[in-house]
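**Q** Whenever a hint applies, use it, and build me the whole structure from the sequences.
Here this note's numbering is used: the first residue of the sequence shown is 439, the next is one more, and so on.
Calculated from the structure, these hints are not laboratory results.
For each residue, glycine too, the CB sits at the ideal point set by N, CA and C.
Watch out, some of these pointers could steer you wrong.
[To be verified] DEER-style ranges, computed between Cβ atoms: (1) E483 x E530: 18 to 26 Å; (2) D471 x F498: 25 to 33 Å; (3) L445 x D486: 29 to 37 Å; (4) V468 x G503: 21 to 29 Å; (5) H447 x N472: 36 to 44 Å; (6) L454 x P479: 24 to 32 Å.
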Amino acid sequence: MVSDMKLNHREKAYALLKADADKILRLIQVQMDNLTMPQCPLYEEVLDTQMFGFSREIDFAVRLGLVDEKDGKELIFSLERKLSALHDAFTESEK
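**A** Set out below in structure tokens:
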């Protein structure tokens, strides 16, 4: 029973972190589509702030034992790859 509860908490924690990563991606997508270019200081500030907060969330979940460190790092790297691809697509569309 306790093991099932721990697994359920781990699954919920991972799902919440994944949802937060998706929110960051959508936020940056909207900003790039409607507001600013990637070289804009506002864009960079939003991205830096969001990524820092997300990395702190992952660190907290890892320290609580709710997310494996490897899985947490993969979430961050996956988001970074998606943001990089988004940035590249935006830059290409501007040419």
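**Q** Each hint should be assessed against the structure and marked as holding or not.
**A** Tested hints:
1. E483 x E530: 18 to 26 Å: Since E483 and E530 have Cβ atoms about 24 Å apart, the given range 18 to 26 Å holds.
2. D471 x F498: 25 to 33 Å: Between D471 and F498, where Cβ atoms are some 31 Å apart, the hint holds.
3. L445 x D486: 29 to 37 Å: holds, 34 Å
4. V468 x G503: 21 to 29 Å: Once the Cβ atoms are compared, 34 Å apart, the range 21 to 29 Å for G503 and V468 is violated.
5. H447 x N472: 36 to 44 Å: holds, 37 Å
6. L454 x P479: 24 to 32 Å: holds, 30 Å
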